[in-house]
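Asker: One line per chain: the protein sequences are E, H, W and D, in this order. With my numbering applied, the first sequence covers 1 to 973. With my numbering applied, the second sequence covers 1001 to 1170. With my numbering applied, the third sequence covers 2001 to 2170. With my numbering applied, the fourth sequence covers 3001 to 3453.
Treat the hints with care, since some could be wrong.
[As the list claims (entries may be wrong)] If you want a taste of the chain E side facing chain D, the calculated C-beta under 10 Å gives, among others:
| # | residue |
| --- | --- |
| 1 | 241 |
| 2 | 411 |
| 3 | 483 |
| 4 | 544 |
| 5 | 677 |
| 6 | 689 |
| 7 | 784 |
| 8 | 819 |
| 9 | 840 |
| 10 | 841 |
| 11 | 953 |
| 12 | 954 |
Honestly, the hints are just simulated from the structure, not real lab data. Where a beta carbon is used, it is the ideal one built from N, C-alpha and C, also for glycine.
The chain contents come next:
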Amino acid sequence: MSEGFSRRSFLKLAATAGAAAAVPGCQPAARKLIPYVIPDENVIPGVPQFYATTCTECGAGCGVVARIREGRVIKLEGNPADPIGKGTICARGQATLQGVYNPDRLRNPMRRQGVGLKTISWDDADKLLNDALKAAAAKGKNRVAYLGPAHQGPTLQTIIGAWLAAYQSSRAIFYEAISETPARDAAEMCFGRRDLPVYHLDKAEVLISFGADFNETWRSPVELGRQYAEFRAPQTRRGKLSIGYAYYISPRLNVTAARCDEWIAAPPGAEAALALSVLNVILSQGWASPNAQVDVAGLKSFVASYDPASVSQQTGVPAKMIEAMGERFGKADGAVALAGGNDPATHAAAYVLNVVTGNLGRTMEFLDGMPPEAETRSNDVVAALDSMRNGEIDVLFVTETNPVFSMPAAWKAAEAIQKVPLVVWGGGVPNETGEQAHLLLPLHHPLEDWRDTFPRAGVHGLGQPVMQPVFWSRPLGDLLIASARESGVKNAAPWENSQDALRSAWMKLNPKAAAADAEGFWVNSLREGGYIEPAQQAQVKLNVAALKTSPASREIPKLVLAAYPHPFLYDGRGADKPWLQEIPEPVTQIVWDSWAEIHPETAAKYGISKDEVVEIRSSEGVIKTAAHISERVRKGVVSMPIGQGHTAMGRYANGVGANPFVLLKPGSQSIAVTIHPTQTRHELASPTYLNRQLGRSIVEAQTITDLASGVQPKEWREEEVPKPYEMYPDWQYPAHQWGMTIDANACTGCSACIAACYAENNVPFVGREDVINGRIMSWIRLERYYPEEKYEHQPLMFLAPMLCQQCHHAPCEPVCPVFAAYHTQEGLNGQIYNRCVGTRYCENNCPYKVRRFNWWEPEWPEPLNYQLNPDVTVRGAGVMEKCTFCVQRIRHAEITAMIEKRPVRDGEIVPACAQTCPTHAISFGDMNDKNGEMMKRRVAKNNQERTYRSLEALNAQPAVTYLRELYNEREKA
Amino acid sequence: MNRTILPLAAVLMVAGLVTFGLSQRPWAPRSDVAQPIPFSHRIHAGINKIPCQYCHEYARRSQTSGVPPVQRCVGCHGAALVGGLQPVTRPWMDHTQPPFEIRWNRVYTLPDFVRFTHRPHIAAGLACQTCHGPVQTMDRIEPVHEINMGFCLTCHTQRGVTTDCFACHF
Amino acid sequence: MSGEIDVLGSFADEEMCVHGIEALRAVKIQPTRVFSPIPSEHINHALGYGRSRVRALVLTGGITGILTGFTLTIGTSMEWSLNAGGKPIVSLPPFIIIAFELMILFGGLSAALGFFLNSGLPQTDRLPGYSEHFSSDRFGVLVRCAETDRERVEGILKQAGAETVVREAA
Amino acid sequence: MAAAAERISGPTYADIDRGVRRIMEAPGLAYWAWVGFCFTLVAIGAALWTRQIYVGLGVTGLRQGPMWAMYITDFVFWVGIAHSGTLISAILYLFRTRWRTAVYRVAETMTLFAVMTAGLFPLIHVGRPWYAYFLLPYPNERSLQPDFRSPLVWDAFAVSTYLTISATFLFMGLIPDVANARDAAKGWRKMLYSVLALGWQGTDTQWQHWSMAYLLMAGLATPLVLSVHSVVSWDFAMGQLPGWHSTIFAPYFVAGAIFSGVAMVLTLLIPMRRLLHFEDLVTEWHIDSLAKVVLLTSLIVSYSYGVESFMVWYGKDPIEMMTFHERYFGPHGWVFWVCIFCNCVAPLVLFSPRVRRNTVLLFIITIFVNIGMWFERFMIIAVSQENAFNPSQWRLYSPSITEIMITVGSFAWFLGLFSLFARFMPIISMTELKEGIRWLREAVRDDYYPGLK
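Build out the structure end to end from the sequences listed, making use of the hints.
Answerer: Structure follows, in structure tokens:
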């Protein structure tokens, strides 16, 4: 320990000195105390600091607050000041931490020599890069290219532009595998502008999504999820208690569809025809809004050929269904159509639907001052690749994107990149593109770096570094600015470093009133995490005459692959984060794998059995993955998530599943395929055994009509709930009695709570093998059940978060021989790890099966262990653990209240799951405090009638009260 | 007779040795922890009456009381003590030794499953000596009390504050 | 006392042995010791023994066990009342089980202890008159009598069916 | 004497001594090979256990749901085996049953080693065995004691009491016999037996107190044996898991315990009797009596199965019904049908006296019973755990090599210890055989066994 005393070990020891270190098990803590030489005045060891910054995992641009302990970021939470996330973030946002601390991150600059990589110094790397750049610039124009993602932020894009310009180039390519170009193309066609509209789902009462998975990956899932929950909340509309009615059109029932009322299993590519058909119904029935001011006659003739009957014939969707959709949509007081996928016609049809029903400016609006289109259009990407192939590019700089993995096979990206004499890859975990690079540069993770975001008009996010870099990396902006200076071009990069560039860009935002106080504006922006200004609604007009692109009327192939972005891995960028790998995909509940979802009838036709590896072949390529047989996919469709199938990207991504990009053509996520069973089996890991709750009341649902008329759902609850009978006097909890109210109706299945719990409570991840063995450790899970055939009225899916219910008659407690499980004086179900002998009786007796046993000594390969929360004990092998309602937060608030000589305030304590829930489905509070938000929620109108407790017949008296999920009764098809 | 007594005596002796050995409490904190420099609490806290929290400055705000930074020593003793101090908060890649560090040996340790925090104890007006003994009379810190759960509980019971397991173990 | 001798009669059969003892007792000679390979009610009866004192000890042990059980369970539960599953702190039905088991444990160990205390075991000395046969297939009656009575005693033993009658060193 | 003439001729005390001492003669190579084999398996099991302690219970096949499964099955199995020993040695002693004298030492020895084996399993199964002492009350500075409301604490008390009492009881009974052996032995054996005999010389006072102590211990062991398996059954019955939560468990388990235990006595006795040639001491009469107990308890167990299922059907609780449906017809339904065949159907042939006296057939049936009773516990424990309240959390259990080898090792440990005991200690009580020599002679006269003249 004495030699090579690094900052890393210093931090470790400082943390040990501060609090008891999070050393696994009960090993003695390090026995040295090493004080600071000069303390950082802002740091109090043992007290967290909070920095506002921005999330960069996707383009939605939520603001986050990072919690720092002893110099390490240990948790991200949403920034309440941010209008997009409003204090919440999704699972991907939570998992950002595992990007910072990923053990496979590149640690030093490396240079490829032969087959291997050689560590080089930064000086050598700089020299290598700059010499090549100078040589390229000397050879001519546009011989240097930059390839990155679309959401690196306006300032970085400026720096990239300046850097390229310094070397005589303008080839900046911002590539996104899941492209927004079709939506922009459609907007240009309809409205003559290329920006994207902003939606307000909460202002609608009918929603049709044409393949836009708005609760998972589409646009801004946190914001849209929040709006969707409001849309689905029971409220009186036109004198009648109702919830929003939602249709989802997609070949597969994903978790977004599962939270809708109707899932219409259209073949991939049929979305546009269906949308136009709905439009046809609305127009022909005269439900177009008179306020819409559109050329109805022109539109009518445009959609004339899309009458329900013929579209029904083409797509297999019943004409009645299309008519019903049109009727609901046309008659609704506020409706919204969303479109996903790559067909601009679908997007255009959805826009038109919103316009003709008078919802433009209401549920969908365009704003002035939207950020410019950052994404490079595919033609330009292909052109750049061609240039590479033709040897016209000498230096290619790739960051934060993975063309080799995510570009369609037809573009032959790998081959084109190989033709470039110097490929420089910068980033964290070296991915497939990094495998092809000649020079690999470790770049700062966004949380270690300065950056800004501009997700939409009026919202400017300012990201500051929240901690010292973990590895010997450099910020991309600094690197490019220094490199541009080296070019010798005068004033090539007029900034000192990226912070300076950011600051000077930021000053331009400074509103005139505050212009004098530049420093104050900057500091305030840093504190708030950005700058919010009002945005003006743009006046747009539908140009009916321009509507000419009719969807290519395609023959539906016999068997078609429909790929979709994995809700957590997206286009593959999340695959190196074990939390994201281990959170079950909400519908299939599969982890650590890719799968081909096939309808049982289709599977039977091709002779495919459960978990059998199938070979999927398209005109573009062939992959093998395991089959998941499910009725939640259209017949004749093979549905497959994008995101797995990495051949690099570190230990967690490499070798997991298969990559459907290999099969796809440019500009499409579906393609005709053939499928062959291979007779080999590959078990798809899932923590869920049975998909049906067998008439047990674990997750309950209720129709909105029953709620309105006060009828309790009886049909599928087989057990009678007896009147509670108590032999003994009940325990009293005079101080507090903590409890939770969970609105299952608001749960969108986004799984952010699970990720937050992993991060907050040091919950270990276990990997595929142990998930198969039934040893997943997550303290909170999504209890997901499919409807059962024998009951008539049911929602598409039963879904509710399941965590320790903190029962007051906890079955787990009296069976513990040593009081390791006991009931606290505040009504919590305590689990004392150091007392636990590991008899596992408690878990046997837990009806909810929410206790987790440490089968192994948990492992977090360094530096993943730096993320561990020092306020929570790391449990060693042989110990039972479970949800504690984040007791560390409760204790902290109680101590603070005690010091300040006041009672704990309602809302002062927020467990990690409740904190991050985008829809606020989870609320926490004191059951003694009848005026608390949590208790009021239980008795609120339209809530009280739908409260239930899971498995209530057992009389375990859980402290968690659920509100039933609500659904509309479907028309019988 | 001897043949009966001798084995019995042997058994008793072994039992006695075990009892004695355990009564010596090998797990108790050690009182012979030597420190790298002969710092005296008696001189600082006793004779010069420097308040505890002048040096252990985090105690009222944090879980940890904090070991005083070298800068704090220099503040009184003068910069000549160590010569050009530099901050240790240098970037990660800096593998050089910090200019001056004191590697104290821990006297008080708690297992990592105890979530003890100084803050409420200071706020409750407890003297440091309650747990740490008459530090102001010691040249070298020696543990006076064995800080085990029984020690915590005795005080908590007497003062009528929480004895919930979840107060310290989670 | 000088002039006293030990006479040992060895029998092949329990009944004969009993007869011998009865005959001796009829002339007011109490055998010093009877060796037997089997437990025999008849021999005990013939010797005029009552019930063993072990009984009282077992009763005491059992009652102690019950009391210990209830004291232990109720006492420890009251000392630190922890709520488990909303059940009362003093839950008598489960405590009965503990008391019952301790009753058996203490009673059983008392029986063993009573046996050892009353029978003088463990012992290392070989008792006068003992021979290997007496653990196998012979019954022995050892009588201490005056030198003068030797003839009479030997006669009674022989009469009862003793195989051999020998004089043992006193 | 006149009485002597009426006495039935037959084996004498000396014959008994000769017979038993012959068993205790220096064993041959085959014996040592067998013992070596057993302890090799024990060593393998011990090595796997060491590894399990070191890396965690992940090496087992346990998982969410089936959290107890094989180790606790082994535990209940071995506790059950133990019970017949105390039944034969204590309860039948109180009833003065004649045939017990020849076989009770075998049964009681089996009891001791079975409890010793069983006692290992809670330690093997817990996550942190080094903290297992938390289950026992001991003075500590934080005055925190076990929760006496937990069935596992009852278990700890019951099983440790049972171990102590049955060891003491066995030892008490051994003292006169060891003294006998001491008087015949030479060399190191004499030393060993001298120490164990504690100077017993069979005097009147020794016998007087011994008899009373032995009688009272038998009296105490009788309710103990019933309580121990009831307590073990409450480990399950006190849980609210469907398939566990049943009031019938205590008598059901006790009957099952005696059933499996007596079968195990026969399994051990039949080959031992032949290999060590003591057919003249343990006659067909004894074997036949044991077989009748097996038959009786088999009928009780069959009845319990019926009642258990009937109560579920009558109770109409849908969750309970589902669990039982899974028990009969689920993926591990075969376990139930194995139990039915081994425990209910196969023992029915014991109604035939010819089968009862055919030692080969009887041996095979007792093996069936052992298998069946192991699977019965597996069915109750593991298969119920597979189908708990929350269908999403169901899991099928399959044991890992660690669990299998530790189970095998437990059998080897039991058999190895038993084999050592059988050749170095009086495995048949000479004292009691002599005491009841009349019945032995009757058995011989009545031609249960034609040998010995």
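Asker: Take the hints in turn and mark each one as holding or not.
Answerer: Taking the hints in turn, this is what the structure says about them:
no.	hint	verdict
1	241	violated, 31 Å
2	411	violated, 42 Å
3	483	violated, 49 Å
4	544	violated, 51 Å
5	677	violated, 24 Å
6	689	holds, 4 Å
7	784	holds, 7 Å
8	819	holds, 5 Å
9	840	holds, 4 Å
10	841	holds, 6 Å
11	953	holds, 9 Å
12	954	holds, 7 Å
In this structure, the earlier hints numbered 1, 2, 3, 4, 5 are contradicted, and the remaining ones agree with it.
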